[in-house]
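Peer 1: Listed in order, the protein sequences are those of chains A and B.
Sequential numbering from 1 applies to the first sequence in UniProt numbering.
Sequential numbering from 1 applies to the second sequence in UniProt numbering.
I should point out that these hints are in silico values taken from the structure, not numbers from a laboratory.
Hints may be right or wrong, so weigh each one.
Just the calculated beta-carbon pair ranges, DEER-fashion [stated by the list, open to error]:
{"id": "1", "chain 1": "B", "residue 1": "P106", "chain 2": "A", "residue 2": "L274", "range": "34 to 44 Å"}
{"id": "2", "chain 1": "B", "residue 1": "N12", "chain 2": "A", "residue 2": "M131", "range": "40 to 50 Å"}
{"id": "3", "chain 1": "A", "residue 1": "H119", "chain 2": "B", "residue 2": "S23", "range": "33 to 43 Å"}
{"id": "4", "chain 1": "A", "residue 1": "F115", "chain 2": "B", "residue 2": "N151", "range": "50 to 60 Å"}
{"id": "5", "chain 1": "B", "residue 1": "G128", "chain 2": "A", "residue 2": "G117", "range": "43 to 53 Å"}
{"id": "6", "chain 1": "B", "residue 1": "E296", "chain 2": "A", "residue 2": "S4", "range": "33 to 43 Å"}
Calculated cross-link-like contacts (lysine to aspartate or glutamate; reagent style EDC-like; alpha-carbon spacing at most 20 Å) [what the hints assert, rightly or not]:
{"id": "7", "chain 1": "B", "residue 1": "K132", "chain 2": "A", "residue 2": "D178"}
{"id": "8", "chain 1": "B", "residue 1": "K91", "chain 2": "A", "residue 2": "E185"}
{"id": "9", "chain 1": "B", "residue 1": "K132", "chain 2": "A", "residue 2": "E182"}
We put the CB at the ideal spot given by N, CA and C, even for glycine.
Residues per chain are reported as follows:
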Amino acid sequence: MNGSFSTRMLRTIAAWVVVAVFFFPIYYWTSVAFKHGNDIFNRPPKLIAFTPTFDNFQKVFGISLGSGGITVTPGGGNFYMAPRVWDSIVIATLSTVLAVAIATLAAYALSRMNFRGRHSFVGWVLSTRMMPPVAVAVPMFFIYKNFGLIDTYTGMVLIHALMNLPLAVLLMKSFFDDIPSEIDESAIVDGASRFMIFRRIVLPMAKGGIAATAVLCFIFSWTEFLFALTLTTTSVKTVPVVSSTFVTSIGTAWGNMAALGAASIIPAFIFILLVQKHLVRGLTMGSLKQ
Amino acid sequence: MATVEYRNIAKNFGHVEVMKDVSFGIADREFVVLLGPSGCGKTTLLRMTAGLESVTNGDLLIGDRRVNDVHPRDRDIAMVFQNYALYPTMKVFDNIGFSLEVAKVPKAEIRKKVEWAAEILNLTPYLGRYPKELSGGQRQRVAMGRAMVRNAAVFLFDEPLSNLDAKLRTHMRVEIRQLHNRLGTTTIYVTHDQIEAMTMADKIVLMHAGRIMQIGTPDEVYERPNSKYVADFIGSPSMNFIAGAVETAGGSPHFVAEGVSIGLSPEIKAKPGQKVIMGVRPHDLGISDAGEIKGEVVLSETTGADVQIHLRVAGYDAVAVVPRDERRNAGAAINLSVLPGKVHLFDAATELRVA
Ligand SMILES: Nc1ncnc2c1ncn2[C@@H]1O[C@H](COP(=O)(O)OP(=O)(O)O)[C@@H](O)[C@H]1O
Ligand SMILES: [Mg+2]
Numbered sequence: 001m002n003g004s005f006s007t008r009m010l011r012t013i014a015a016w017v018v019v020a021v022f023f024f025p026i027y028y029w030t031s032v033a034f035k036h037g038n039d040i041f042n043r044p045p046k047l048i049a050f051t052p053t054f055d056n057f058q059k060v061f062g063i064s065l066g067s068g069g070i071t072v073t074p075g076g077g078n079f080y081m082a083p084r085v086w087d088s089i090v091i092a093t094l095s096t097v098l099a100v101a102i103a104t105l106a107a108y109a110l111s112r113m114n115f116r117g118r119h120s121f122v123g124w125v126l127s128t129r130m131m132p133p134v135a136v137a138v139p140m141f142f143i144y145k146n147f148g149l150i151d152t153y154t155g156m157v158l159i160h161a162l163m164n165l166p167l168a169v170l171l172m173k174s175f176f177d178d179i180p181s182e183i184d185e186s187a188i189v190d191g192a193s194r195f196m197i198f199r200r201i202v203l204p205m206a207k208g209g210i211a212a213t214a215v216l217c218f219i220f221s222w223t224e225f226l227f228a229l230t231l232t233t234t235s236v237k238t239v240p241v242v243s244s245t246f247v248t249s250i251g252t253a254w255g256n257m258a259a260l261g262a263a264s265i266i267p268a269f270i271f272i273l274l275v276q277k278h279l280v281r282g283l284t285m286g287s288l289k290q
Numbered sequence: 001m002a003t004v005e006y007r008n009i010a011k012n013f014g015h016v017e018v019m020k021d022v023s024f025g026i027a028d029r030e031f032v033v034l035l036g037p038s039g040c041g042k043t044t045l046l047r048m049t050a051g052l053e054s055v056t057n058g059d060l061l062i063g064d065r066r067v068n069d070v071h072p073r074d075r076d077i078a079m080v081f082q083n084y085a086l087y088p089t090m091k092v093f094d095n096i097g098f099s100l101e102v103a104k105v106p107k108a109e110i111r112k113k114v115e116w117a118a119e120i121l122n123l124t125p126y127l128g129r130y131p132k133e134l135s136g137g138q139r140q141r142v143a144m145g146r147a148m149v150r151n152a153a154v155f156l157f158d159e160p161l162s163n164l165d166a167k168l169r170t171h172m173r174v175e176i177r178q179l180h181n182r183l184g185t186t187t188i189y190v191t192h193d194q195i196e197a198m199t200m201a202d203k204i205v206l207m208h209a210g211r212i213m214q215i216g217t218p219d220e221v222y223e224r225p226n227s228k229y230v231a232d233f234i235g236s237p238s239m240n241f242i243a244g245a246v247e248t249a250g251g252s253p254h255f256v257a258e259g260v261s262i263g264l265s266p267e268i269k270a271k272p273g274q275k276v277i278m279g280v281r282p283h284d285l286g287i288s289d290a291g292e293i294k295g296e297v298v299l300s301e302t303t304g305a306d307v308q309i310h311l312r313v314a315g316y317d318a319v320a321v322v323p324r325d326e327r328r329n330a331g332a333a334i335n336l337s338v339l340p341g342k343v344h345l346f347d348a349a350t351e352l353r354v355a
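Take the sequences, apply the hints, and build the full model.
Peer 2: Shown next, in the form of structure tokens:
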């Protein structure tokens with residue numbers, strides 16, 4: 001850090017303002033999760049001075065705060081959503097693993113190998129994302145129905161991985177492109193096979209890129225709504241889909257919705273914490289001259 | 001150990017021809033320097049030798065084997081890349097030992113070889129470090145170590161010293177040459193730095209625009225450049241050139257240009273009247289009152305033991321290098337003579353050597 005005291009001060013204040021702007025909605029939504037029904041609609045909104053309650057979480061997750069501490073009583077109730085969070089975790093994790101695995105291999109090939117149509121390939125890959133997903137929702141439904149993939153983990157993992165692949169491939173390709181080809185060539189001269197180069201040299205260097213790609217894939221799957229809605233019925237449902245069920249004919253259960261929403265930040269947050277230590281910059285540091 | 005031979009090598013990138021009809025041989029244990037300006041095809045030729053670039057036309061032989069279509073790992077070569085290309089996620093030890101590990105050499109033997117190389121290269125204290133924790137010179141030595149442990153028949157170096165500072169470069173020059181004397185591995189060394197070439201090479205191959213301009217020992221290339229291009233490229237400061245013609249005066253051939261007339265040796269091959277370019281190295285000009293070349297000092301630069309005198313001679317710029325105690329001030333009139341036998345003559349049209 002350099003600059004005078006006042007510029008440093010200003011910089012710090014600016015940083016905190018930005019953080020506050022981004023953090024406020026999360027705080028507000030989380031506070032709603034702890035509010036009684038009438039506090040939620042209070043005007044002006046009660047940002048701090050409200051009597052907290054755990055009722056919303058109790059209904060959504062079967063967690064209650066009794067005299068004997070926290071007790072968990074699963075099951076029951078239309079708003080009991082704990083299994084849905086689990087569904088989301090399974091689908092997001094597996095689809096991320098699948099998408100990143102395929103994308104990494106594909107991107108390495110695109111970045112390093114020479115084959116016919118290599119240059120148009122990236123365009124083709126991307127073109128699949130130029131179509132609005134809703135355009136393929138109905139065909140997808142019939143395909144899934146015929147293959148018996150409706151309402152299954154497999155089905156959801158596949159569709160989310162599929163949706164993520166184009167961007168993941170593109171992103172990983174740009175990371176591989178940043179690795180100088182001399183490093184591969186040096187290993188070729190050293191006698192290593194293509195696969196060995198990939199596994200021993202390129203992959204460890206691309207760790208940061210893989211982490212970044214994984215975060216994007218996870219968040220996409222975690223928040224995806226359209227296919228999660230159309231390709232599932234009862235046994236597999238993700239958080240975004242069930243969030244909409246809080247909107248009922250007799251009104252919207254804002255408190256419960258907020259409880260689910262606030263809680264659903266946690267798994268995504270944990271996932272990002274786990275991978276963020278790999279989000280390092282300077283992936284070729286030290287390999288080259290200067 | 002091995003010889004290398006290039007027979008009529010040509011290289012195209014798509015429709016662009018970057019190399020044509022390159023032929024020369026390298027003897028076993030020889031240290032050959034490929035020298036030329038940036039973009040003349042040195043790296044391309046080296047990469048073809050390594051097998052990283054295909055040969056468009058011609059035959060490439062390592063040992064007595066034609067290797068045009070042989071995979072790089074089976075060519076028995078080791079290469080040090082222009083940018084080192086170390087494996088950043090491996091420690092120095094694993095960087096050096098990687099090729100042995102790939103070849104499934106037993107662990108104990110890998111250790112022995114890596115430690116041997118590290119000892120020679122003064123890298124022993126750094127074996128546990130990552131490349132990013134090393135200085136430029138140390139990285140350079142790791143790249144050399146990677147090549148050394150392989151027992152390759154041919155070493156290929158691509159401008160290995162170009163990013164080091166001047167002092168380190170001088171030091172590494174000596175080290176690389178000593179290493180070669182010690183290991184005796186046939187070496188092809190690419191550089192654009194003529195001083196590196198002059199100091200290190202057994203044989204210089206001077207390239208320009210994808211062609212070979214001259215092949216010879218450093219002495220041959222310096223003392224008998226076969227074209228104006230080579231004469232200009234080799235030597236620092238560069239050779240002085242004056243365009244003129246050969247004329248016979250008083251029964252012996254003279255080089256004559258505006259304000260200049262210099263006697264030539266009688267066995268000169270140039271015909272009287274032939275338009276030529278005369279070249280004289282700055283070191284081959286001496287100050288003498290009887291000198292045939294009359295000029296005016298523009299600037300004197302002291303470089304240490306010597307002084308570079310920049311002059312105007314009859315409408316030409318020239319440089320002379322003289323001992324420091326013969327320094328002259330700007331504006332002084334000066335007479336220079338060419339040391340006997342140090343005149344180079346090139347045909348004005350072909351720029352090839354005539355004497
Ligand atoms: N992969 C390539 N594709 C097209 N042209 C290339 C390629 N590599 C090198 N060239 C061209 O070939 C010529 C020689 O390049 P190079 O061998 O790298 O020169 P040097 O190493 O002597 O500086 C240059 O004109 C360069 O532009
Ligand atoms: Mg080069």
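Peer 1: Now look at each hint and say whether the structure bears it out.
Peer 2: Taking the hints in turn, this is what the structure says about them:
no.	hint	verdict
1	P106(B) / L274(A): 34 to 44 Å	holds, 38 Å
2	N12(B) / M131(A): 40 to 50 Å	holds, 41 Å
3	H119(A) / S23(B): 33 to 43 Å	holds, 36 Å
4	F115(A) / N151(B): 50 to 60 Å	violated, 35 Å
5	G128(B) / G117(A): 43 to 53 Å	holds, 46 Å
6	E296(B) / S4(A): 33 to 43 Å	violated, 56 Å
7	K132(B) / D178(A)	holds, 17 Å
8	K91(B) / E185(A)	holds, 19 Å
9	K132(B) / E182(A)	holds, 17 Å
Hint compliance for this structure: hints 4, 6 are broken, all remaining hints hold.
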